[in-house]
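Using the sequences and the hints given, assemble the complete structure.
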Amino acid sequence: MISRFALAAVLAAVMVLSGTATFIALGSRTSRVAVPPEKPTSATPRAQALTLPGTLYMSQDGALYSLSVGRFHQLTPEAGWTQPSMTPDGNIVAVKQAPFYSDIYVLNRFGSVVRRVTNNSAPNKNSDPGLNHWAFYPRLSADGKTMWLAYDKPKFQYDVVLSIWAMPATGTIVQGRVWTNAADYTGGDVQPLPVKGGLMYTKYDFASRYAANQPDRLVGMLWLTNRAFSVGRELTSPSEDCRNPAVSPDGTQVAMICTYQKQESYLTIASWNGSTLGPRKTIISNQLVAQPTWAPDGSGIAYLAPGAGAGPFQLWWLPRAAYAPIPSPAPTPTPGGPHNGPVPAPSPATAVVVRPVQVTTNNGFDATSPLAWSG
Amino acid sequence: MLAIVLSAVAGGLAYFMPAAQLALDSTGQVISLPTPSPTALLASPTPSPSPSPVTGAFTVLLLGSDDDSKFSADHVLTQSMILVRVVPATKKVTMLSIPRDLYVHLSPGGYGKIDGAYSYGGAGAAIATVEQDFGVHVDDYIWIGLLGLVKLIDAIGGIDVVTSHPVLDDYYPADIYSRFPYSYQRVAVLGGPQHLDGLHAMQYVRSRHGDLQSDFGRSQRQQEVLTAIRLKAKELSPEDLPSLSGALGGELKTSIGVSRVAQMLPLAASFDNPNQITQLFLLPPYTHGGGPGGSVTADWGAILPLVHQYFP
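Those sequence lines, one after another, are chains A and B. 170 is the number that my numbering gives to position 170 of the first sequence; each next residue is one higher, with no gaps. 1230 is the number that my numbering gives to position 230 of the second sequence; each next residue is one higher, with no gaps.
By construction, these hints were calculated from the structure, which means they are not laboratory data. Among the clues, some could well be false.
[Stated by the list, open to error] Here are a few chain A residues that sit away from chain B, every Cβ distance over 12 Å (derived from the structure):
id	residue
1	M86
2	V114
3	A228
4	G251
5	K262
[As the list claims (entries may be wrong)] These stretches of chain B come out as covered by chain A in the derived footprint (C-beta under 8 Å, 3 or more residues):
id	segment
6	1120 to 1133
7	1151 to 1157
8	1165 to 1178
9	1192 to 1198
10	1210 to 1216
11	1238 to 1250
Here a beta-carbon is modelled for each residue, glycine too, at the ideal position from N, C-alpha and C.
In structure tokens form, the structure reads like this:
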């Protein structure tokens, strides 16, 4: 016969077990919304299922990473590195952001510093934060001789806006000159993109200044200018609220992000003839898309967007078939000679829906950092 | 068997203890409305408001305050005042940002910027001021401190926002996680779709030095972040409440009772159409600058019809 003492002990143990199990079970049912992203080099599953062409460079938590042959490599420590772009000779131009300023560096493809381009920290022991400067979005011209960047000079006392600057690629910012002088109290000019015959960039300004029926709020617009201090002209309207331009490798299309003044973002493509944008084509409308980047071989577009629902940004891949027009099939030749009757209508092409592919699942890439892609 | 069930319940209670503690501490706060002064009654642009006539509709006043070490805990200004009306039947939400510098008659007496009402008489004074000046009925309030918003956003894993433009500020107050609360820091929140943690979301909604619209521009950014928080909150489960409450301790106060909070959680998840959210800002011609002490003066003749259209 089991003693009362033993029974009580067993019951107590079961009660402790039951209470603890309930506690743990409830804890395991949390939504995991606050689980921090993993480093691309350690995240599982790794981005090996899909091999993208060439090498893609991106930023997460202040470190630069490359993705090549399906594997991530960490190029720099987590020290404020962001916004990589390629130089014609295969090096990387990137921004290193500190709490009070940011500078532009040239790195080799393994992440070692080749040269520091700007020196934007305030003189030592000066406590006025306004003496520091920001430099963002560096881009080299196709010939590698000119560096374009967004730089916060001139300043307007309390108002700080970014303007587009151009400087010799091997020189210093002292040799540079302001290209688009963003007016006082606008959102500034950012994201310079050298194109044949000019410079495309994103201008943030009040919509009401450009159209009578527009609200009094800051929006993004793509602009084109071809000389310093020229006014340039709008490529997109204030109502489209576009930014993040990227020109296709063959120079005939522009991918961009348009938000239509809402908390939504659409991957939009338009034809490009060197001076104007053609009709817009919305490619993705159900994700918070950022930083569309064309593959150098034209096989598709990489971009950043949250994985599912709201969350850190992942790498996505949109194959060319998702946005390229499907060629009309030629009529089938009539066997036995020339056709005399009415031309038969070609059978409709089978509609194949090509969906974007999610390349990573557990990362948290910097969605304000453009992707750089070398072929 | 009963003992095992009870111990399981005890385990559940232990799990939800932090949330229950916060609920007891922060929710169901009693609103004590100050007795209106005679001048208040004279200044009231409309008769005393009555509760919302639409069944189930309710109006909440969201208050956000700087509660860093520069201020006394009970006497803080409300940097953000947003009136939110929710109509569950139509799943419509209307958000009206009230300019913090709006020069109004304050319910505790006298005139001043509306952000001072809370510092003079707490949430009750802020509610009474809004009710008397705007002619609306406020059912409840939610107050959150500066650090509370940072912690809340971090606790839900950050938010996804389309920042409408870059926000650069050379003289942003360095009063969060700082030993020198009167010093300044530089901030740069770049434009476009991005994932923001609590600190950067706070920088985005709080900075106003570089914005031509000053507090109005800031109000727009605050509504963008509120919308993003609501979107992220849809992904939460009840089991997240303990960690959320642990993060928020002391930084949140509301008059909404625990049972009502439980009723509102599924309601929040059902609002999934961004086009059903109406955002209102009292930009010129509704308001004009140049008021006393750098305040903003109201054109009540224009404001009240607008407010009564959306807050009947």
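Item checked: Ascending list of hint numbers which this structure does not respect -> Violated hints (numbers, rising): 5, 6; every other hint is consistent with the structure.
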